[in-house]
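A.B. asks: If you want the building blocks of each chain, they are given just below.
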Amino acid sequence: MPRQETLKKNSGQVHPRQELGSAVVRFAGDSGDGIQFTGSQFTQSTAMSGNDLATFPDFPAEIRAPAGTIFGVSAFQINFGADVIKTSGDDCDMIVALNPAALKAELPELKKSGFIVADTGAFTERNLHKAHFKANPLEDGSLSAYRLFELDISEMTLEAVKEFDLSKKGALRCKNMWALGFVYWMYDRNRQPTIDWLNQKFANNPNVAAANIKALNAGHAFGETAEISHDVHGFSIGQADIAPGEYRTVTGAEALTWGLVAGAKLVDLKLTFCSYPITPATSILHYLSNLMEFDVVTFQAEDEIAAICSAIGASYAGALGVTSSSGPGIALKGEAMGLAITTELPLIIINSQRAGPSTGMPTKTEQSDLYQAVFGRNGDSPLVVLAARSPSDCFDIAIEAIRLATKYMTPVIILTDAYIGNAAEPWLIPDVGEYQATPVKFRTDPEGFKPFLRDEKTLARPWAVPGTPGLEHRIGGLEKNAETGHISYDSENHQRMTDARAAKINGIADDLQPQTTDEGPETGKLAVVGWGSTYGAINRAVNALRGEGLEVSHIHLRHIWPLPKNLGSLLSGFENVLVPEMNTGQLITLLRSEYLVDAQGLNKVSGQPFKIFEIETAIRAQLEK
Amino acid sequence: MNVVTPPDKLTPKDFATDQEVRWCPGCGDYAILKAMQRTLPDIGATKENTVFVSGIGCAARFPYYMATYGFHTIHGRAPAVATGIKLANPDLDVWVVTGDGDALSIGGNHLLHVLRRNVNLQILLFNNEIYGLTKGQYSPTSRAGTRSPSTPWGSIETPVSATAFALGAGARFVARSVDTMQSHLPEVFKRAHEHIGASFVEIFQNCIVYNDGVFSQFTARDVADDSEILLEHGKPLIFGKERTLGLRVKPGLFELEVVTIGKDGVTEKDILIHDETNRGLADMLARMEQPTFPVAIGVIYCLPSPSYEDGVKAHMIEAKKLGAGNDINALLRRGHTWTIPG
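Those sequence lines, one after another, are chains A and B.
To convert, note that position 390 of the first sequence is 419 in this note's numbering; the numbers rise steadily by one, no gaps.
To convert, note that position 31 of the second sequence is 48 in this note's numbering; the numbers rise steadily by one, no gaps.
Calculated from the structure, these hints are not laboratory results.
Keep in mind that a hint or two might mislead.
[Stated by the list, open to error] Here are the computed lysine to any residue pairs in the SDA-like style, where the Cα-Cα straight-line distance is at most 25 Å: (1) A:Lys-554 to A:Gly-630; (2) B:Lys-337 to A:Asp-324; (3) A:Lys-299 to B:Val-329; (4) B:Lys-337 to A:Gly-462; (5) B:Lys-64 to A:Thr-497.
[Said to hold, decoys possible] Only some residues are given here: those of chain A computed to face chain B with a beta carbon under 7 Å: (6) Ser-339; (7) Pro-498; (8) Gly-505.
[Claimed, not checked] Rough simulated footprint, nothing fancy, chain B against chain A, three-plus residues with beta-carbon under 8 Å: (9) 316-330; (10) 458-466.
We put the CB at the ideal spot given by N, CA and C, even for glycine.
With the hints as extra help, turn the sequences into a complete structure.
C.D. replies: Below, the structure is given as structure tokens:
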């Protein structure tokens, strides 16, 4: 007997929706089930409902892993609410499991008494076996701690779309939309943006568009009419207190792409982006390849080394060279980074960090390339390292990186990671006209020209590009005379050049805003110091505990090298320093060696971002010491 | 009124820097440098628009001695850096100078791809069949049996043919010359420069310290006529002191053979005419080795086709015509946006 028949039809009585402050929903299914599309549609609709939100796409490295397996599970988590959000949430309030493997993989993420929406049609013996269930968990009582909605989504989808004459396989591909429709009802979301999107996506195949829309509406209608539980009548979430203005959702990869385009425009250079495909950095290459009308040239190089070398060539010839990769690819670029450092050419190097070492876990996030960024080259080879804290922050980071690279004639590494690269959040769209333009002036005057004669203030050398009459000169990786740039093995000259390269980078600290706290006063019992994508979790934890009256502040670094000038004195105003990082302790080494501060680490390398409660727990432990 | 005097034609001297040349006395590189400094004025090159890019090795010092723009990069990567230069400014005239280790060992991948993409630049491979700068180890072009500090029992590797590699990679211009051929070398440089797309020139270059005389069995004055064949487009493939030797297709087989005109009924009519645009012939000419065959010198293959930069430029024009415009504020607002009222 089909399970849903046991559900009572809605008696017609109107029950009020339950008000929630926020909710965390996780969609999960096979990597071929369209989970990421489903999640991004829910995100769009939620953003347009006026909620604050943050997402976490969590998918396997395999493109189409064998159906029904645990390693093939793709998930998308969204945290949304009337409050300030900033992270994709700790434990989930609801898991939508489109097969047994999804339930198995995602159940640990669900809070006790949370909701499970399970597609019973997919809980076949074969699928249960593939997910390593000995018995059907929907029937053996093992889920008694949770609220279980058993819906034969497969069957109801087939029924809903039967008029469209799709193959069974084709029809079942609409079941993510059925599930989405149901969750839309559950959280009172507007379906129209998704309907518009389906019509646009399947413009060439109106039958498929119509079938998906039918499935979406059927899922929604089911929620409206079926009495799924005597005490669950859907939820509503109030609007967040959001600053007025025009918004969109943005992922880190999108924001970084647009930031590069805007940043290049602000310094009046053409962008030459040279990259080799690597997860999770590739989306930037895809996005930029579609922006040629902005004078963006993209080049898919034969390997990581060619990618950075062609970017260096582009900068040498007067464009803004940018290369992008993830940890393993960045390792291959090391020697060429040294070349850009010693020839003092502007260059942007983006590292979308992932779990390492070696190939590691390509789709999982980590912050373990800080050492590599700051120290990972032969010789004394300083450069600038910046770290983005959130998806939308990637826009400003790219603009700042380009400004610093061109002003100081130096490579700049941007650290982002798999989490913020893929995660989405609402973004108050800026007006690029309000950013300060700092157009590059190439050297053109032959009078007194020496390729390595530095600007007294910035210590930058002149940028003289090929094609300029009278400035012909030779540069290279060999040590150069401090003024003429001719090859020099002179010992005093090498000392002078090494010192100058270091002084130039250190001097950039004078150009940075002093470090402040993101939450809490600038002195106190405990400072939590973070960098990069841990921003949201640290910020929410510190905010919550300050609400309880605990004496804790949050300091978040965007300038990893050089460090802000006042950071040492800022840290000395706190009795204790806690450094949460998604690595085994890299920023903490830097802080300890630079400031002799007895900082304590909180380290996590599970491939998953920090949860707020993990940071709260660590803060409490520090304060109770 | 100002009288504008047209600039005097540049001379080889104008292309020489004040830097002391640091190759070993007697190195073949001196002759190549001289030939290049003589070529540039003849082809109307300007100092400001010319860029020499090199990797690492003895040959890689070349840019320091040319009074143009120059970039001495890292080992094997010059083709990649040069590609970036052309992407940023296609109007620059770029010469890549490399050696057998730089181009065919550590940089083999980049050479493959710069040729395949047909980036509009010239690549000069100074082949001396040895690692000079690291003191004499065998290189990827060293012949089997080469004794070196790292192969005291003789190299057991099959060498790579630079020209066959280039053709295999899809190069549309492949030529050869010899460091000592002071009238031939500039002519090959001119042809390489004229060609739109990636031009590949292998120069047999003598390393006087670590591999002296390695090419002398065909380059030495007394044997060259009989062991080299100078290729000329549209001319019969005839060589030899008496100009009686020639190449023809072996009857019944898809391969070349050396024949003597006037012997066994062979006449000049039987001799193949060199056709630079014939890829099959180019493959066979590139693979000819001593002692069975003469070594082919000159332009082996030349078949112009659109360069990589031309393709990029065409896409750029298309994107500007058909794209959604270049207003960044509009870009940020493409797709779904919503407004929170104030």
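A.B. asks: Check the hint pairing A:Lys-299 with B:Val-329 against an upper bound of 25 Å on the C-alpha distance.
C.D. replies: OK: A:Lys-299 and B:Val-329 at ~14 Å, within 25 Å.
A.B. asks: Between B:Lys-337 and A:Gly-462, does the CA-CA distance stay at or below 25 Å?
C.D. replies: 22 Å, holds
A.B. asks: Quick one, are A:Lys-554 and A:Gly-630 close enough, alpha carbons at most 25 Å?
C.D. replies: 16 Å, holds
A.B. asks: Given a cut of 7 Å on the nearest C-beta pair, is the interface hint for A:Ser-339 held or broken against chain B?
C.D. replies: This interface hint holds because 3 Å falls under the 7 Å limit.
A.B. asks: Under 8 Å between beta-carbons, do enough residues of the segment 316-330 of chain A, three at least, approach chain B for the coverage claim to hold?
C.D. replies: With 8 residues in contact (Cβ-Cβ under 8 Å with chain B), the coverage given for the segment 316-330 of chain A holds.
A.B. asks: With a cut-off of 7 Å, does the beta carbon of A:Gly-505 approach a beta carbon of chain B closely enough for the hint to hold?
C.D. replies: Because about 3 Å separates A:Gly-505 from the closest Cβ in chain B, which is inside the 7 Å limit, the hint holds.
A.B. asks: Given that the segment 458-466 of chain A was listed as covered by chain B, double-check it with a C-beta distance under 8 Å for 3 or more residues.
C.D. replies: holds (count 5)
A.B. asks: Within a Cα-Cα threshold of 25 Å, do B:Lys-64 and A:Thr-497 meet the stated pairing?
C.D. replies: Status holds; Cα separation ~9 Å.
A.B. asks: Quick one, is the A:Pro-498 hint okay against chain B at 7 Å, beta carbons?
C.D. replies: 4 Å, holds
A.B. asks: Take the C-alpha atoms of B:Lys-337 and A:Asp-324, compute the straight-line distance between them, and say whether it is at most 25 Å.
C.D. replies: 9 Å, holds
Figure legend: structure checked against the earlier numbered hints; every hint is met.
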